[in-house]
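Chain L is already provided as a structure; the job is to place chain W on it using the hints.
Below, each chain spelled out in residue letters.
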Amino acid sequence: MEQLKTIGRELAMGSQGGFGQSKEFLDLVKSIGESRSKAEEDRIVLSEIDILKRKLLEPDVPKRKMKEYIIRLVYIEMLGHDASFGYIHAVKMTHDDNLLLKRTGYLAVTLFLDEDHDLIILIVNTIQKDLRSDNYLVVCAALNAVCRLINEETIPAVLPQVVDLLNHGKEAVRKKAIMALHRFHRKSPSSVSHLVSNFRRKLCDSDPGVMGATLCPLFDLISEDVASYKDLVSSFVGILKQVTERKLPKSYDYHQMPAPFIQIKLLKIMALLSSGDKSASEMMYMVLGDLFRKCDSSTNIGNAILYECIRCISCIIPSPKLLEDAAEAISKFLKSDSHNLKYMGIDGLGRLIKISSDIAEQHQLAVIDCLEDPDDTLKRKTFELLYKMTKSSNVEVIVDRMIDYMISINDNHYKTEIASRCVELAEQFAPSNQWFIQIMNKVFEHAGDLVNIKVAHNLMRLIAEGFGEDDDDADNKLRLSAVESYLQIISEPKLPSLFLQVISWVLGEYGTADGKYSASYISGKLCDVADAYSSDETVKGYAVSALMKIYAFEIASGRKVDVLPECQSLIEELLASHSTDLQQRAYELQALLSLDARTVESILPLDASCEDIEVDKDLSFLNGYIQQAIESGAQPYVSERERSGGMFETTDYHSQDHHEVTSHALRFEAYELPKPSVPSQPSAALVPVPEPSYYSEPHQPISTSSSVSERESSEIKLRLDGVKQKWGRPSYQSSTSASSSTPPQAANGTSTHSDGGGVASSSSSKPRSSYESKKPEIDPEKQRLAASLFGGSSSSSRSDRKSSSGGHKPAKGTANKPLATVPKESPITVPDLLDFDEPTGTSDVAATDPFKELEGLMESSRQDGGGSTDVMGLYSTDASAPVKTTTSVDSLLSELSDSSRGTYHQSQTTKGPNSKEALEKDALVRQMGVNPTSQNPTLFKDLLG
Amino acid sequence: MIKAVMMMNTQGKPRLAKFYDFLPVEKQQELIRSVFSVLSSRPENVSNFLEIDSLFGPDSRLVYKHYATLYFVLVFDGSENELAMLDLIQVLVETLDKCFSNVCELDIVFNYSKMHTVLDEIVFGGQVLETRSDEIMKAVEEISKLEAASNSISLVPKSVSGWRGGR
Numbered sequence: 001m002e003q004l005k006t007i008g009r010e011l012a013m014g015s016q017g018g019f020g021q022s023k024e025f026l027d028l029v030k031s032i033g034e035s036r037s038k039a040e041e042d043r044i045v046l047s048e049i050d051i052l053k054r055k056l057l058e059p060d061v062p063k064r065k066m067k068e069y070i071i072r073l074v075y076i077e078m079l080g081h082d083a084s085f086g087y088i089h090a091v092k093m094t095h096d097d098n099l100l101l102k103r104t105g106y107l108a109v110t111l112f113l114d115e116d117h118d119l120i121i122l123i124v125n126t127i128q129k130d131l132r133s134d135n136y137l138v139v140c141a142a143l144n145a146v147c148r149l150i151n152e153e154t155i156p157a158v159l160p161q162v163v164d165l166l167n168h169g170k171e172a173v174r175k176k177a178i179m180a181l182h183r184f185h186r187k188s189p190s191s192v193s194h195l196v197s198n199f200r201r202k203l204c205d206s207d208p209g210v211m212g213a214t215l216c217p218l219f220d221l222i223s224e225d226v227a228s229y230k231d232l233v234s235s236f237v238g239i240l241k242q243v244t245e246r247k248l249p250k251s252y253d254y255h256q257m258p259a260p261f262i263q264i265k266l267l268k269i270m271a272l273l274s275s276g277d278k279s280a281s282e283m284m285y286m287v288l289g290d291l292f293r294k295c296d297s298s299t300n301i302g303n304a305i306l307y308e309c310i311r312c313i314s315c316i317i318p319s320p321k322l323l324e325d326a327a328e329a330i331s332k333f334l335k336s337d338s339h340n341l342k343y344m345g346i347d348g349l350g351r352l353i354k355i356s357s358d359i360a361e362q363h364q365l366a367v368i369d370c371l372e373d374p375d376d377t378l379k380r381k382t383f384e385l386l387y388k389m390t391k392s393s394n395v396e397v398i399v400d401r402m403i404d405y406m407i408s409i410n411d412n413h414y415k416t417e418i419a420s421r422c423v424e425l426a427e428q429f430a431p432s433n434q435w436f437i438q439i440m441n442k443v444f445e446h447a448g449d450l451v452n453i454k455v456a457h458n459l460m461r462l463i464a465e466g467f468g469e470d471d472d473d474a475d476n477k478l479r480l481s482a483v484e485s486y487l488q489i490i491s492e493p494k495l496p497s498l499f500l501q502v503i504s505w506v507l508g509e510y511g512t513a514d515g516k517y518s519a520s521y522i523s524g525k526l527c528d529v530a531d532a533y534s535s536d537e538t539v540k541g542y543a544v545s546a547l548m549k550i551y552a553f554e555i556a557s558g559r560k561v562d563v564l565p566e567c568q569s570l571i572e573e574l575l576a577s578h579s580t581d582l583q584q585r586a587y588e589l590q591a592l593l594s595l596d597a598r599t600v601e602s603i604l605p606l607d608a609s610c611e612d613i614e615v616d617k618d619l620s621f622l623n624g625y626i627q628q629a630i631e632s633g634a635q636p637y638v639s640e641r642e643r644s645g646g647m648f649e650t651t652d653y654h655s656q657d658h659h660e661v662t663s664h665a666l667r668f669e670a671y672e673l674p675k676p677s678v679p680s681q682p683s684a685a686l687v688p689v690p691e692p693s694y695y696s697e698p699h700q701p702i703s704t705s706s707s708v709s710e711r712e713s714s715e716i717k718l719r720l721d722g723v724k725q726k727w728g729r730p731s732y733q734s735s736t737s738a739s740s741s742t743p744p745q746a747a748n749g750t751s752t753h754s755d756g757g758g759v760a761s762s763s764s765s766k767p768r769s770s771y772e773s774k775k776p777e778i779d780p781e782k783q784r785l786a787a788s789l790f791g792g793s794s795s796s797s798r799s800d801r802k803s804s805s806g807g808h809k810p811a812k813g814t815a816n817k818p819l820a821t822v823p824k825e826s827p828i829t830v831p832d833l834l835d836f837d838e839p840t841g842t843s844d845v846a847a848t849d850p851f852k853e854l855e856g857l858m859e860s861s862r863q864d865g866g867g868s869t870d871v872m873g874l875y876s877t878d879a880s881a882p883v884k885t886t887t888s889v890d891s892l893l894s895e896l897s898d899s900s901r902g903t904y905h906q907s908q909t910t911k912g913p914n915s916k917e918a919l920e921k922d923a924l925v926r927q928m929g930v931n932p933t934s935q936n937p938t939l940f941k942d943l944l945g
Numbered sequence: 001m002i003k004a005v006m007m008m009n010t011q012g013k014p015r016l017a018k019f020y021d022f023l024p025v026e027k028q029q030e031l032i033r034s035v036f037s038v039l040s041s042r043p044e045n046v047s048n049f050l051e052i053d054s055l056f057g058p059d060s061r062l063v064y065k066h067y068a069t070l071y072f073v074l075v076f077d078g079s080e081n082e083l084a085m086l087d088l089i090q091v092l093v094e095t096l097d098k099c100f101s102n103v104c105e106l107d108i109v110f111n112y113s114k115m116h117t118v119l120d121e122i123v124f125g126g127q128v129l130e131t132r133s134d135e136i137m138k139a140v141e142e143i144s145k146l147e148a149a150s151n152s153i154s155l156v157p158k159s160v161s162g163w164r165g166g167r
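If you read the sequences in order, they're chains L and W. Throughout the first sequence, residue numbering follows full-length UniProt numbering, covering 1 to 945 in sequence. Throughout the second sequence, residue numbering follows full-length UniProt numbering, covering 1 to 167 in sequence.
Hints are supplied without guarantee of correctness; some may be wrong.
Just so you have them, the derived chain L footprint on chain W, three or more residues with Cβ under 8 Å [to be verified]: (1) 11 to 23; (2) 43 to 56; (3) 70 to 79; (4) 113 to 127.
It is worth saying that the hints were derived from the structure and are not from the lab. The model shown is predicted, which means the values in this text are computed figures rather than measured ones. Note that CB positions come from ideal geometry on N, CA and C, so glycine has one too.
Just chain W, with the same shape it has in the complex:
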């Protein structure tokens, strides 16, 4: 089972954090900070895996990937395959790339709710739900379309970048 998904920038600012078992805010912050301090101390060209029993309890592993200014982090237990989790990050990034065309840190910051929509299509309740990025895109677009249609009282002057058929 996947325990957490995190994105943080290279300065340690959290950009997105989702824990699949509830944790109090302070604990979440502490975990994000400690994960970042571990990640930032890792040299280049080493493996993308970490065993972090000390933070997330026994048999927890962590897979991370470093893209430009962002770390993508997945925390999971022994019932998942490390290499496959690495590819799951790849799926997430590929999907985001399609969503925002050339995704960058700012897209993630400013499209907080959409990020969650995408993530919820991939990981559901801690289990991998969907790994086909085309399917994920389809689902996300459908939601955006419907939201836009139902959004008759929008006060925002312009459509959201990447949201098809805005207002």
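For reference, chain L alone in the conformation it holds in the complex:
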């Protein structure tokens, strides 16, 4: 019906012949409007394209007609069809002297062409001419085209003219010239770097509009380099003051607000300039305070300015009064009925929470309302806020909610994001390993193909390394619970590939470990997996490796192995597989089955996925062989550097560089002759080197270590530890060895953890109760949620967690093992920076001299070892804080020279004799800790190389 009306109206208009378009164009628009389907529309457009193609080729098309054709082309392209056959005519039209035609031409080319299009070269000349035109409208049209069509190479061609226009008589031209320069700066900062001072100068333009336009490039410039614009703070504050005091002409008012867009830009700039700068911040207190009082919160634009003030305050060093104002504005936003304002309120809350954590507690119920709102945008924003305020006391509730939401949405992009957030939070704050595994299972089950593969590897490592060496019982329990949960899940249809890999690996490694499940049961399940997901080679590979491990364990323990018929057929099928990887695995499995118990045990020892494999970096065991080869006439090895030394005087690195630079050009010098620098006959000893096949296996993180040892055990021992790999990805072994080489120690935070929780609950319960007294009729369900989210004391889940936290504590220390193992020499803990529990504690420490602090701590702890944990309790609230082993810290020391800067939480016990070294290490740990995702062990590994 609606459409019929539209058509009727279109018909009426068409018959009037208005709108300056020809009958044909009106017909086109009409028929497209009438088309019922996309196919019909396409048909109409295609016939139109045919007509236009023909007409454009006709000789002597009148210009007026040509203009219409061009417009029709633009229209067609907007509908998604290729109009490139007509581009050249649009380009020609820009050359016309008639303003109407010229503008049409410019409009068409700016819509048609990108800045690197070949036809641009035909327009540059016209643009140059037009920029010098007497008619300012022509100049404006040209500037418009400049913005869109000039690329890095053509900037110099028009730059002088554009700079001249900065002093044009018309303010409209000056504004556009500034914008064009800004655009140049964005495209190629170097080409206009000498002109940057012009922006500063134009800030003082007599026309406020031009001044306002200047703020756009200045914003970009300042965000790139804050330091060199500090002198402008007072000018910006002055301008903002004048604007708010209505010193600008009345015409700049918008909905009774004086020049709001300029105000917003100014606030953004000031937030950049005053970030972390006390004196600059102080200059702004007055005008910000004024804004809070003056802004009309009944209009949209007034709220826009209020929000910008909140954002500004969250960036600068605010006064308590301003914080109060901001909190008040936020609470107004949150209480409003408008979803837009709620959204801004949640966003503002997320920003302010970094500065004062109790703000969120005042609004907990509003936040929960937003979480349950039908508006998806608002919901996501709220999840973002929750993510920011997650701590160990509320992680379970928040992650549960996130997972529920994750399951409910279809948008893969956001699903990925929220899944990775769940993983990050779980890794960071997991109260127990069981819980962690449960959460991981859920994430894998519902978003398995979306999460990073590293997450899976982390999970496998956690299960493999468990709680650490001191608590084998708990480890086994954890593994058993994992195995049980996987055996349950495995029969569900359509599991994500990544999850199946984890399942297969765990079942292979630990499926039969405690004797509850028989080898044939587990291997049957694994065969089912390989069968059900026969198109997924990675999963199959994992399944076969798992089978191999199970049989190896059976053989090693002296039991007789009965290979199930379905296993046998699987192996046979894979022996002929097209995938060499699968083939190899199948052959290995087959070979293994015929070996005796002792050999098998040394090939695949039980639960040894995390053991180190020692590698002889110098390959010294080959010396004898080399000696023999040289004696029999082979040439000695000449290193690559020595070889190329004759040809390039520069170093290796430079010569490589050189090659890269000239790679596009022809090479005139002859290629160097191949030199027989390696022993002439590649011999038997080189054959068993396992790296190539090993590293090319795509997803075989840990278990491969055993397959390596299998092959080497029969021949010569290759020690792989620490050898820089030339052929593949960095392996996992080298880094895990770093962590397990130092004896792990339970983090000494058992008491401190509950301390932190206690502080949080007592501090948070107060504002909560006052809120409750104001609103007595609140749904108890919501209250409970609020309490669990915001750490209220009434929560039952919270007390549960507390009681269990003691038991899980030692587990936590090693949960993220490479991080959490504490080296004996210097047990340093760094409280988690994302934990907003006790920000006051942070600033306290920051205020005092860290060296003094350290000395004091050392004194006290030297006398009394137990005392040190108490001291830590004051500063550390979370035992799962990023703590690193000495080895990894050492490796970083060389890279990071600026080691002792920053303010830190720290505590030092007696065993670190050298306080400076300890400080350096701590600073490093701190630096790593600043990274919000630092607690992800894999990320750490990346950093460590």
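Using the frame of chain L, we list chain W on its own:
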């Protein structure tokens, strides 16, 4: 920076699309379609904001407003203020309303080049250039006048609706 301005009707037909960084036609179409499918699935009375990193890259937001049969859409990055962008749509609509007196979807369809003229006065190279609708009107009228004056070979029998002093 503003990345794109779009207008589309409630059936998803694009009425005007301008991308401030060049995108190939197919990509533009794809974006318009996906934006429309997101917008059309939004319930009434929810916020006018969307975070659409999935379509326009990280840190992209979208503000839209629904007028009668048209969606007005602005896509921009984190350096703009959402509420202010909402008002920018308001500025655009107010200006169009003045231009065409009681603007409707058809005005936009049939005055394609004028629409662009108006838009170019408000947003220039992805930055907000002017927000005073009177000033915008003045500029647009001046252009129309000059175009009409220079247009001595017009073949169109009647003046364009809303174009002052036509032929």
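Tell me whether the statement that chain L covers the stretch 43 to 56 of chain W is true, taking a Cβ distance below 8 Å and needing three residues at minimum. holds (count 10)
Just to make sure I understand the rule, a stretch counts as covered if three or more of its residues have a C-beta closer than 8 Å to a C-beta of the chain. Does the stretch 11 to 23 of chain W meet that for chain L? Answer holds; 7 residues pass the 8 Å Cβ test.
Tell me if chain L covers the stretch 70 to 79 of chain W under the three-residue, 8 Å CB rule, please? That given contact is violated, which follows from only 1 residues of the stretch 70 to 79 of chain W lying within Cβ reach (below 8 Å) of chain L.
Do three or more residues from the stretch 113 to 127 of chain W put their C-beta atoms closer than 8 Å to C-beta atoms of chain L? holds (count 8)
The earlier numbered hint that this structure contradicts is number 3, and it is the only one.
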